[in-house]
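Assemble chains B and C onto chain A, guided by the hints.
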Amino acid sequence: MPNTTAIALVPLLPLAGFLLLGLFGKKYFRGSSGIIGVILLLASTLLALYIAYGYFFEYGKVDGVYQKLIPIQYTWLSFSKDVSINMGIILDPISVMMIVVVSFVSLMVHIYSLAYMKGEERFPVYYSFLSLFTFSMLGLVLSSNIFQTYIFWEGVGVSSFLLIGYYYDRPSAVAACKKAFIVTRFADLGFLIGILILSFYSGTLDFNTLIERLTHPGSNELKTAVASSFLGVSALTWGVALVFIGGAGKSAMFPLHIWLPDAMEGPTPVSALIHAATMVVAGVYLVARLFPVFALSAPEALHLVAYVGIISAALAAIIACTQTDIKRVLAYSTMSQIGYMMFALGVSGYGGENGLGYTASMFHLFTHAMFKALLFLGAGAVIHYVHGNEMKDMGGLRKFLPITHITFLIACLAIAGIPPFAGFFSKEEILLAAYQNNMVIYWIALTVSGLTAFYMFRLYFSIFWNKTYDSRLMTHGSHQGEGGFAMMLPLVLLAIGATGAGFIPFGKFVSSDGSTLESKFHLSFSILPVALGLIGIFTAMWLYKKQNDRPNKIAVSLSGLYKTAYRKFYIDELYLFITKKVVFNLVARPAAWFDKNIVDGLINLTGNTTQAVSENIKKIQSGKVQQYAIYFLVAIIGLAVLFIYWWK
Amino acid sequence: MSGSTIIFYLLAALTLVSGILSVSTRQIFRAAIYLLFSLIGIAGLYFWLNYQFIAAVQIVVYVGGIVVLIIFSIFLTQQAGEKLSKQKLSRKIFSALAVFCGFALTMLQIYQHVFYVTPDQAADVNVLNIGKKMLSVNEEGYALPFEIVSMLLLAALIGCIVIAMREKKTIDTEPAALDEVKKETV
Amino acid sequence: MEPGLYHILFISAALFFIGVYGFFTRRNLITMLMSIELILNSVNLNFIAFNKYLWPNKMDGLFFTIFIIAIAAAEAAVAIAIIINLYRSHRSIDVENAEELKY
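Protein chains in written order, with the working numbering: chain A, 1 to 648; chain B, 1 to 186; chain C, 1 to 103.
The shape of chain A in the complex, shown without the other chains:
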C-alpha cells in the first residue's frame, strides 16, 4: 500500500523550500538558497520515483487494470452531505507519470540555475519562486478533486507570472507577465464555469465520482446533463468544452496562444521548466484527467479538442519557420508539439485499442518534456555564452560549446522524429492514432512533422554551423568555454532521457482505461514520417549549413506569405485592436466615467456638503459676546414657550 508520508512529502518539500527561501532567503541563505532548493527537490524526485516504482510495479495493478487510488483525503469545506470540497491526492497512471516528469525536470532546472543565475541579486527569490511553481504543479497533478485542481491551476499561473516578470525592471518583461496572466486568467473563467456546470449536473466535485456519474450509461445525472441543452448543444458538452477552454489557455492553444512567445522574457531555465515541459502541458493533463467524460458522453467536445490541437500545431510550425529569436522558435515549437498532444487526445476513443491516441498523447508528453527541456537549457547555454538571443549573432559555435552542441543535436533529432531517439516512437504512435481515426488530421500532422524537422534544423544549423564565430566580436565579458559542471550535468542527463525514453513500453503503464495497451511497431507505416523528417533536415542543411543567399531569395519570392508568418499572422494586432478599440471604448470608458463622476461624485458630494455646512455653522462662533447673548435669550424664550405650552 502506498506510503502516505512519502506521497504527501512530494509536493510539500518544494512548498517548504518556497516558504523557507521566500521568508528567510534574503537574510540568511543568500549564497546557499540554490543548494537548499536543489536538495529539497532531489528528495522530492527520489520520493516520486519511489512512489512510481511502487505504483507501477507493486500495488497499482489490480486484475490487470491500473486503479485510481486515493490514499489521502480530508474534507475541507462541506456544503451539504453530498457536495463538499475535499483536499486529496489521487494516484493513477497519469498522475504518477506526471510527478516523475515534473520533479525530474524541475530538479534539472534547479541544478542548471545554480550556474546560470549565479551572481543574480535576487538569487534566493528566484529559487523560492521555482519551488512555489514546483509545489503548485505537483499539487495540480495530484489533485483528486476538480476544485483543488483549480486552486493549484491558479497557483501555477501566479508562479508563472512571478517568474516571467523576474526581471521586473525591463518593461518588456513586465508587459509579458501581465499578458500571460491576463490571457490565462481569462481562459480560467471558462474553466470555472465548466467546473460549475459539471459539478451541478453530477452533484460532486470529486474526480472519480464525477466521471462515474457522468459516464455510466444508466445514471440519472448523465440523463439530465444530456437532456438540458443550450443553443442546440447539450449542457454536458458545454461543461467539458468550457473546461477545455481553460486548458487551452494554459496550454497556449490557438487563439489563446499569444502569451507564450512573450513569456520568453523570463530567464531561460524558467522557460525550460514552465513553458516547455510542465505548465503548458497542464491543459493536456486536464483533458486526459476528464477523458472518459469527453470520450463517452461529449464526443463533440472531443472534436473541438482535436481541431484546436491540429490548427495550433500547424499555425505554430509555419510561424516558427520565420522567427529569428532562438527562444521564440522554441516557444512556437512547444506550441506545435502540444497541439500534437491535444489532437492525439482528440482522435482517441475510450477503452482498449481505441485508446491509442490517449496513450500516444501521454507518451509524447513524457518524451517532449525531456527533449524540450534539453533544447531550452541548451539554448540557455548558448545565450549565456553569446549574451544575446538573435540567430544572426550566432553561428559556428560548435567548436566553442561541444557538449551543448552534441546534446542539442540529440534533442533536435528527437523532435524531428528520427529513430532511435524518443520523439520517433511517440510521434509514430500519434500519427498512427490519427491515421486510424481522421485522415484530414493525419495528412496535416504529417506535413507539420516535416516542417518541424525543417525549422528545428534551421535553428540548429544557424547556431552551430553557418558562419565562423569570431569571438573577437564579443563586446564584453565573454565566457571562455561552456558554463561549467552545473550547466552540463542536466544537459547530459536529459540527453540520456531523450535517447532512451522511447524504448519504454508506455502502453503497459498508461492507457485510457487502465488496462494494458499493446503497442505494435509498424515498420511500413513509419517510413513516411521518417522520410519527411529527413527531407526537412536536408533542406535545412542545404539552406543554412553554409552561409548563403538562398534563404533570403526564398523569403523575397514568398514575400506576402513570409511577412504574414513572420508577423505571427497578425493575431496579436487583432487582439490589441479588439481590446483597445472595442472593449476599452465601449465598456471601460463608460465604466470609468461612472466610477469617477457618480460613485466618486457621491462621496465627494457628502464631503463637500459637510464642509459647506460646517463653514456656515462656524460663523455662529463669531467671538462677539453680544451675539452669544442674543442667542441665549432667544433660546431661553424658545425653551420657555416649549415647556409652558407644549410639554405637559
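None of these hints come from the bench; they were simulated from the model. Predicted model only: the values in this text are computed from it and were never measured. Accuracy of the hints is not assured; some may be wrong.
Unchecked claim - Take a look, some chain A residues computed to stay more than 12 Å from chain C by CB distance:
hint, residue
1, V440
2, Y442
3, G500
4, S614
5, Y628
Stated by the list, open to error - In silico SDA-like pairs for lysine to any residue, Cα to Cα no more than 20 Å straight-line:
hint, chain 1, residue 1, chain 2, residue 2
6, C, K52, B, V125
7, B, K132, C, F63
8, A, K624, C, V43
9, C, K58, C, V43
Don't be surprised by glycine CBs; every beta carbon is placed ideally from N, CA and C.
Only chains B and C this time, still in chain A's reference frame:
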C-alpha cells in the same frame, strides 16, 4: 386718583423713560446721567413702597458709588466727548424683536398667574429689625451671608487692584533706574 | 386703579428687558455695564415687590436686595478694572474689536 397713585405713575415713568434713554443715546456721558435718573426713580419706588432703608442704601451705593465709578471710568478711557459709534440696524431690529417677545411672554405669564397673599400679619420693616435680623445667628438670621458678602467685597477689592495694575518695568529696560540703584548702593 | 403687585412687576419686567436690549445693542463696554446695572435693579425691584405684597411677615426679599446691591457694586468695580485693562491692550473699548475668540 389718589396722590399715591399719581406719584407712583410719575416715578414709573421716570424710571422707564430714563432707562430707555440710557440705552439709546449716543453720548456716553448722557447715558451715565440717564442711568443716574433711572436709579433715582427706583429709589423713589422703594420709598413709595415704604422700604426706606433700601431706598437709602440704593441711593448711597448705586447712585453715589457705582454711577460715580462709571463716570470715572469714562474719563479714564477718554471717551467723554465723542459720539458713540452706531450699531448695525439688523442687530438693533433683531434684538428689539427678541426683547419684545421676551417681554410679552413674561407679561403673559405674570398676568395669568394668581398670587396668593399670606394671611399672616405684616412685620415692621425698620432699621432696628433689619439690623437685628442681619446680625442674628439663629435660624432666621443673616449673619453668615453678611460675612460672606464682606469677604466677597474684600476679594473684589484686591482683584480690582491686581487687574488694573500697571505692569512692573524690569531694571534692564530702565537705564536711568539702574543708575539710580547703583548710586544708592555705592 | 390702585397700583398693586402687577404694576410693579410690569415695571420691573420692562426695566429688565430694556436693560437686555441695551446689553445687546451697545458697542461700548461701559454702556454695556450700565445696562447690566439696569437689569440688576429690575431684579431688586422684583424682590422688594414680592416681599411687600406676598410675604409681608418676612424680610427675606429685603435681605436679598441688600446683598444684591452689595454684590453688584463689587461686580461693577471688577468690571471697570477689566475694562481699563482691555483699553490698555486694545486702545479702544469697542466690544466689536474684542473678537479674538472667533472661529
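Inset, instruction - Against the structure, test the hints numbered earlier, and report the numbers of the ones violated in rising order. - result: 4, 5 and 8
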